[in-house]
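Peer 1: Listed below are the residues making up each chain.
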Amino acid sequence: MNGAAIAARGLEKRFGPVAALRGVDLDVPAGGALALLGPNGAGKSTLLRLLAGLARPSAGSLRIGNGDTDRRRTRGRVGYIGHATFLYPALSARENLIFAARLHGVRDPGVRADALLAAQGLEAAADRPAGSFSRGMAQRLSIARGLVHDPDVLLLDEPFTGLDPAAAERLTQQLSRLRTGGRTLVLVTHELGRVARLADAAIVLAQGRVVHAAEGPELGPARLEAAYLAAVGEVA
Amino acid sequence: MNVLLAVLWKDLLTEWRSRDRVVSMLLFSLLVVVVFHFALPDDAPETTRAVAPGLLWAAYVFAALLGMNRAFAIELENEALSGLALAPADRGWIFLGKALANWLLLLVVEAITAGAFALGFDLPLGPVALPLASVLALGSAGLAAMGTLFAAVAVRTSYREVMLPLLLVPVLVPVLLGAVRATAALLASGALPLGPLRLLAVTDAVFLIGSFVLFEFVLEE
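So the protein sequences, as listed, match chains F and U.
Per this note's numbering, the first sequence starts with residue 1, numbered consecutively.
Per this note's numbering, the second sequence starts with residue 1, numbered consecutively.
Simulated from the structure, these hints should not be mistaken for laboratory data.
Small disclaimer: the values here were computed from a predicted structure and weren't measured.
Glycine included, C-beta positions come from ideal geometry on N, C-alpha and C.
It is possible that some hints are incorrect.
[What the hints assert, rightly or not] Listed below are several chain U residues computed to face chain F (Cβ distance under 10 Å; list not exhaustive):
id : residue
1  : L5
2  : E79
3  : L81
4  : S82
5  : A87
6  : I94
7  : L219
8  : E220
[Claimed, not checked] In silico negatives: residues of chain F with every beta carbon more than 12 Å from chain U:
id : residue
9  : G10
10 : P17
11 : R22
12 : D25
13 : D27
14 : L122
15 : E169
16 : Q174
17 : T180
18 : A201
Turn these sequences into a full structure, and let the hints guide you.
Peer 2: What follows is the structure, encoded as structure tokens:
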């Protein structure tokens with residue numbers, strides 16, 4: 001752990017009269033992993049999109065990496081894997097990765113695309129249109145897309161949604177390897193059972209506020225679920 | 001510049017695979033030509049020549065509206081627009097890449113439609129093909145610039161098919177003014193007048209620079 005990879009203070013986001021986030025403070029150390037938990041509509045995805053540089057905060061400050069607040073450079077440091085895959089169905093898996101690599105100014109996009117396809121076990125499907133992929137394959141390709149520029153910080157929004165148990169387990173192991181490799185992870189999930197394996201801290205969001213923070217032994221499934229239900233229940 | 005080339009490559013490759021945008025634009029503009037062919041009197045060739053430039057550009061605008069809407073509809077699938085917005089570059093380059101792709105596809109449609117127009121209305125476009133191409137290129141640049149910007153605005157609204165023409169057509173007045181006048185002078189005398197060309201060049205420059213700057217905010221959530 002060498003300094004904060006993500007530091008947010010008083011982060012707010014409003015969509016017209018609706019406040020999606022109301023003063024969120026966040027610190028994630030470099031190489032750390034944070035799980036964002038909470039009921040639907042709590043503001044988890046909005047927070048992740050702010051961290052990714054896709055949206056501008058209505059108030060508060062946000063720093064990614066070495067104190068940098070420039071959102072353009074920030075976008076180059078984070079890999080964002082959202083609900084949707086960001087893939088073009090008419091392009092092949094390889095073409096999708098080459099396109100993403102070019103967007104990020106990666107040298108030798110073809111070489112990088114081939115390396116990522118191999119890492120995801122998708123070499124055999126490299127020339128198939130992404131539109132013909134199963135949910136699990138599309139998710140693996142989407143992860144490859146998020147890693148195309150070798151980001152320091154990886155943001156994942158419910159990456160287990162729609163995956164069968166075997167695919168979800170493969171993804172858990174892959175994310176664990178990425179952590180071991182020194183990447184900082186922020187993960188939105190409803191799967192409390194996976195939190196202890198993937199994160200070293202968790203926060204629960206409800207109605208745009210942090211209502212509970214947990215780390216260490218508190219991340220065990222039973223304790224986390226009890227704390228989660230208590231925190232969310234109090235707010236509701 | 002990397003981002004511009006990447007978006008251009010992706011848009012042209014996607015269109016090459018599906019061909020749905022060019023085909024629908026072309027069919028629509030050819031249908032407009034057919035409708036005008038039956039609407040205008042057969043026994044008044046002078047009237048036809050007088051209104052031909054306006055009709056031609058009306059067909060181009062209708063075709064462009066169809067194509068621009070489709071250009072951003074492909075970015076909605078799998079939320080690809082967010083993937084574009086994640087590029088660590090000035091988002092104006094994304095705009096330029098998409099506008100350039102739209103401009104090239106529009107030129108293809110315009111060239112074929114002009115040929116059909118010449119046949120349908122017995123207009124001698126052959127001798128003025130080169131200067132006409134320069135008018136089409138300049139007029140389409142303004143059309144593609146504002147069309148791309150407003151299509152990106154409209155695509156996230158509930159009524160994007162209605163929203164795009166409502167936003168775009170009023171802003172296109174100077175482009176249409178310059179393009180129709182230049183085309184009319186070309187058909188009448190075979191010479192290109194400087195005034196309309198200057199209007200087109202200035203409008204294109206303002207639209208391109210303005211859209212480049214504004215696109216950052218258009219993609220903002």
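Peer 1: Now, for every hint given, state plainly whether the structure supports it.
Peer 2: Cross-check of the supplied hints:
1. For U:L5, the interface hint holds, since its Cβ comes within 10 Å of a Cβ in chain F; the closest pair sits about 7 Å apart.
2. Hint status for U:E79: holds, given a least beta-carbon distance of 4 Å to chain F, under 10 Å.
3. Given hint, U:L81 at the interface with chain F, holds; its Cβ is 9 Å from that chain's nearest Cβ, closer than 10 Å.
4. At its closest, the beta carbon of U:S82 sits 6 Å from a beta carbon of chain F; the interface hint therefore holds under the 10 Å criterion.
5. At about 4 Å, the closest approach between the beta carbon of U:A87 and any beta carbon in chain F falls short of 10 Å, and the interface hint on this residue holds.
6. Interface hint status for U:I94: upheld, as the beta-carbon distance to the closest one in chain F is roughly 9 Å, under 10 Å.
7. Among the interface hints, the one on U:L219 holds; its C-beta lies about 9 Å from the nearest C-beta in chain F, closer than the 10 Å criterion.
8. Nearest Cβ of chain F to the Cβ of U:E220: about 6 Å, under the 10 Å cut. The hint holds.
9. No beta-carbon of chain U is positioned within 12 Å of the beta-carbon of F:G10; the least distance is around 19 Å.
10. No Cβ of chain U approaches the Cβ of F:P17 within 12 Å, the least distance being about 17 Å, so the stated non-interface status holds.
11. For F:R22, the non-interface assignment is confirmed: its Cβ lies about 18 Å from the closest Cβ of chain U, beyond the 12 Å cut-off.
12. Separation of F:D25 from chain U is adequate, the least Cβ-Cβ distance of about 22 Å exceeding the 12 Å criterion.
13. Once the 12 Å rule is applied to beta carbons, F:D27 is consistent with being away from chain U; the minimum gap is 23 Å.
14. Annotated as non-interface, F:L122 keeps its C-beta farther than 12 Å from every C-beta of chain U; the closest such distance is 17 Å.
15. Residue-level check passed: F:E169 sits 24 Å from the nearest beta carbon of chain U, beyond 12 Å.
16. At roughly 20 Å, the least C-beta separation between F:Q174 and chain U is larger than 12 Å, which holds for a residue marked as non-interface.
17. With a least beta-carbon separation of about 25 Å from chain U, F:T180 lies farther than 12 Å from that chain, consistent with its non-interface assignment.
18. With 12 Å as the threshold on Cβ separation, the claim that F:A201 sits away from chain U holds: the shortest Cβ distance comes to roughly 25 Å.
Figure legend: structure checked against the earlier numbered hints; every hint is met.
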